[in-house]
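With the hints as extra help, turn the sequences into a complete structure.
There are 4 protein chains.
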Amino acid sequence: MIIVLKPNITRKDESAVLKEIRKLGYKPHVMRGGERTVIGAIGDERTHQTLETLTSWPQVESVMPVQKRYKLIRREAHKANSTIDVRGNLIGGRKFHVMAGPCSVESETQLMSTANAVKEAGATVLRGGAFKPRTSPYEFQGLGEKGLKMLARARRETGLAIITELLSEAHVQMVAEYADILQIGARNAQNFQLLIAAAKTGKPVLLKRGLSMKIEEWLLAGEYVLSNNNCSLMFCERGIRTFETYTRNTLDLATIPIIKKESHCPIVIDPSQGVGRADLVVAMCKGAVAMGADALLIEVHPNPAEAWSDGAQQLTLDGFKTLMNELKPFIAAAGRE
Amino acid sequence: MIIVLKPNITRKDESAVLKEIRKLGYKPHVMRGGERTVIGAIGDERTHQTLETLTSWPQVESVMPVQKRYKLIRREAHKANSTIDVRGNLIGGRKFHVMAGPCSVESETQLMSTANAVKEAGATVLRGGAFKPRTSPYEFQGLGEKGLKMLARARRETGLAIITELLSEAHVQMVAEYADILQIGARNAQNFQLLIAAAKTGKPVLLKRGLSMKIEEWLLAGEYVLSNNNCSLMFCERGIRTFETYTRNTLDLATIPIIKKESHCPIVIDPSQGVGRADLVVAMCKGAVAMGADALLIEVHPNPAEAWSDGAQQLTLDGFKTLMNELKPFIAAAGRE
Amino acid sequence: MIIVLKPNITRKDESAVLKEIRKLGYKPHVMRGGERTVIGAIGDERTHQTLETLTSWPQVESVMPVQKRYKLIRREAHKANSTIDVRGNLIGGRKFHVMAGPCSVESETQLMSTANAVKEAGATVLRGGAFKPRTSPYEFQGLGEKGLKMLARARRETGLAIITELLSEAHVQMVAEYADILQIGARNAQNFQLLIAAAKTGKPVLLKRGLSMKIEEWLLAGEYVLSNNNCSLMFCERGIRTFETYTRNTLDLATIPIIKKESHCPIVIDPSQGVGRADLVVAMCKGAVAMGADALLIEVHPNPAEAWSDGAQQLTLDGFKTLMNELKPFIAAAGRE
Amino acid sequence: MIIVLKPNITRKDESAVLKEIRKLGYKPHVMRGGERTVIGAIGDERTHQTLETLTSWPQVESVMPVQKRYKLIRREAHKANSTIDVRGNLIGGRKFHVMAGPCSVESETQLMSTANAVKEAGATVLRGGAFKPRTSPYEFQGLGEKGLKMLARARRETGLAIITELLSEAHVQMVAEYADILQIGARNAQNFQLLIAAAKTGKPVLLKRGLSMKIEEWLLAGEYVLSNNNCSLMFCERGIRTFETYTRNTLDLATIPIIKKESHCPIVIDPSQGVGRADLVVAMCKGAVAMGADALLIEVHPNPAEAWSDGAQQLTLDGFKTLMNELKPFIAAAGRE
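Line order of the protein sequences matches chains A, B, C and D.
Numbered per our numbering, the first sequence spans residues 32 to 368.
Numbered per our numbering, the second sequence spans residues 32 to 368.
Numbered per our numbering, the third sequence spans residues 32 to 368.
Numbered per our numbering, the fourth sequence spans residues 32 to 368.
No wet-lab data here; the hints were simulated from the structure.
Take the hints with a grain of salt, since some may be wrong.
Because identical chains share one entry, a pair is satisfied inside a single copy or across any pair of copies.
[As the list claims (entries may be wrong)] Cut-off 20 Å, straight-line C-alpha distance, at most; resulting in silico cross-link-like pairs (PhoX-like, lysine-lysine): (1) K292 / K37; (2) K102 / K37; (3) K37 / K291.
Structural data, given as structure tokens:
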């Protein structure tokens, strides 16, 4: 930690700060500049108590951490890229993956027609929400376990792995029984009890970025998964909330090189939530592939205009097929398969 | 709903839209302008399916809702201000209330000295976290039930009501047994399963605004509480996340007149989380009182520099006493007691 | 400056950094922690070259400034509050001031009826735009010099001082001839050439905060005025741009105590731009007064529904009179006249 | 425009609104729903007065525009992509362009070594700031005309076209004399007088997006250029300001398909300002190319650690060469040359 004192502090006030720093377990190191004094406090910022509370002292101007707060997730902890085995598919490896399917599971017909179409176009994982977090209590909340059973049937018939959202601690066992990947949604990205419960199932976890989550907070939320003995973590960027209203969210593609630099976990991009408009999805996918994403998570629906949720952002089955063809040269240019 | 068509659409394309509007349960109303056609779709936007999915159609430029999506919470549903009885204190009535106490419950000594001091200075509710949602898994997570027991003892000895955070569905029964008000934190503001579980206890619920929650979304999250048969809901503004880094968050005091206008529920202001710096808390409190807030939620600690969480934003016991004195003329000017 | 090195850097790489720090005019001070090395670089960060460029070196993790970059504007440079004399009215002193008038000057009738009404209700400064920065080139751009002449006439007849916006270097002489205060709008808050030109007229300058301007940047923009030999600077908060769309902007009232703490200049609040809705203006004004603002800048129009710009946020003449009455107890509670 | 009335409005109040709508030049069209009445006002929203002022009426709940406010810039006005001829290079055509060079022109040596290196690596335009908008008045403000002369010399010796920033109306003639493209910076993106002055020179204009500029506002700022008889306009995305602090700005790559969809102008991406960190620039460039950008604007410096401005984000000469090689497969995959 770096503690910056206010200008013209007396030696007595300075001593009081030094004493407190030692009391909290750090070794202080004083640097006197022309105008103000700066103290470096040496010690492990993660195991000792935080010194940030010193900002409540009148003689202290600011306190700045120098250490990264995450441990297991960071690149230094695991030099190679982590890969996650999902029914034989390695996510984070040389092969590029596409997870696709409807926003919500609505019916057997809707799900099976989508599953067959995305499988044929090249997807390896089927997405579909059985429990839906909805802004209003009057909106469709998902089919629940009935939806999970439909997903299981789609897996049996197509061989696709299943990703579906977990949004309640009370459903952990049930959802883990059906899903191959547990998705933690943006609204629950800092629901730490849910993250711990998901981690303990041992299933791969896909952690979406919260609407206004800083990258450091996202990495630390991921640390909740790894520190609960589950290394199968993927990050998923799905757009952050900004002042722009043209798109539903602002898809922050810079997270691709950043997650690769700071951590060893795979990074997945969700362009459907990211922009919220089907007509922009194709371009976002091309960018994500070129920038080194490990996988895409894409909403596809046989008839978006009649979807029970988020119709505006879902591709048609034909639109998805075209997309997959258009991505091929970019996947090759990115050195992936 | 208003459906705006793209310029120069054929009558055939227009007819297809009209047909779909009728199919989804609305009555269409066509307005032809010089350049483009606009369709008003008449029907209850909350009970029929959404027409927003029409934006996935190529002939549609945009779809705009005209109806508010919340029902029970809105001012029209209950003309008078709702008041909430918390151990004989009416929140939302003529009397202005202050809820104060430490960020986290740390020990009997810390809690009792704070409880006695805030009681003496005029607070009516004691705050204190027993379960803490922390950004990092390596930070202090709260004393758990041991902390709740300390809060209960403080209530017995001082007569103060207790507010404490609920952050897991698994703790609902336990926390409801000890608390007079269940606090739902900013990170869980759209954890709808937790909101439903809290509502079902019948205890008063204080719902903090999420870090990047639009006012409409906040009202709809409150609707989850009321629609689960719990009318004892308070909203609590605690700052939103913006680009500004001087303060921890940007405290959006405009929410005071807005919540009063849109809903009948009390509005509480949390300046400690809102700005994250004790030296700015006094001014924010004065503003909140003048603008018509019903209560304040303030962090107070006997020794902020050694607090186990959020020391920078906690007032000292003396600081709190001074604040309460300085607020008096503003409470009077606002016509409150 | 504090330079944080990456973990496990060789002594040779460290030496290269130390050499560069000395070359750029600073004295380095090395602190070796368990995991990484931190270097304090002592020197005046404002006169030496910046060390932030060191972040381009592979062995450097981050560089953090410790010094504030503003000089003349800061509280330490002038312990007392600065006051600004505007035709005999001292802004920033014990007396609270209200600046009011239409968004745009539209006609003699509109301006004179407003001027007389706001004068009678207690305003001391008349606002009115003669040059308008409009988002679209097809919107009303202001009456130009004709509008300035109307403002001058209103001053002669009512004795009110005049504030009007300057938006082009080409108009500096003309606008300065008519205005008592030059207003720099949010969109030009970092148009430094305009700030310098305004400063050089010697007239008082009111500097609005840019839509996404950090407080430090705002203070530094103000420093452009003071460092060009003009001490008559007022800051004006008018709302920042956030994700919230209920209000036009998010009025950041925390700027009141912050500007008072960091600088010696008066702070003015513009609630009309801040929320963009007349029905919320009264509450915002009460908050601003209670929090210690020195003045308000309020849009008032005889017939808002027919205003040529920003009708939604302008008060009627009656509405303004009511507001002035409702503010009285808060002005008294704040210890102002 | 769509005018939504509040629930339970009397017929008299409704009539008053209808009368005002007619008075302002629109034809009203009433739609009565179960709960509230909605009025469609037919007329050209750009030539008539705005109806948004109606929101100041007590019986009106909201007013929503249905028409796009830009005319000349929009795709419908010019179906083909516009191309801009810059010394024989067509920007916006099939060939992909790279504009590269130092943030600031510092010296002949610095500029010429950079110019030669970027030319050799494949750039066609040389960037370099002679007038610099700096947050603090104490920072390096650029070499002024001396810097422009150096740019002109670099053009003579390398054949590269020149892009440089215009930041004052007072410099328009001077800068236009030396530059092939006038750059309008983010801080001046809504300095409309500067935009008009730039347009009138007839030189190509590159308009950066403001830090918190909505896409609609950006298009309208561009409309200021086209409506002043200058069709040679390029948009340049350079990152918006959000809550994220890991990167300097959040580079919004979704602007690439959006500008292509809404307008006929070329879109250029500036990854250097966009992320502010050289180590992320390569990935951002790949994404921009894949998504269909027409050109890149990249900061390159012979020795970033000693740059006089923005060292952290400038590539080395070698780094730029590597980048250009790595981009080749993506340029090919995007169907460009």
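Structure-based check of each hint:
Taking the closest pair of Cα atoms, K292 and K37 come within 20 Å of each other only across two copies (13 Å); inside a single copy the shortest separation is 36 Å, beyond that limit. In this assembly of identical chains, the alpha carbons of K102 and K37 lie at most 20 Å apart only when taken from different copies (15 Å versus 33 Å within one copy). Proximity of K37 to K291 under the C-alpha cut-off of 20 Å is restricted to the inter-copy arrangement: shortest distance 17 Å between copies versus 39 Å within a copy.
Every hint, counting from the list given before, is met by this structure.
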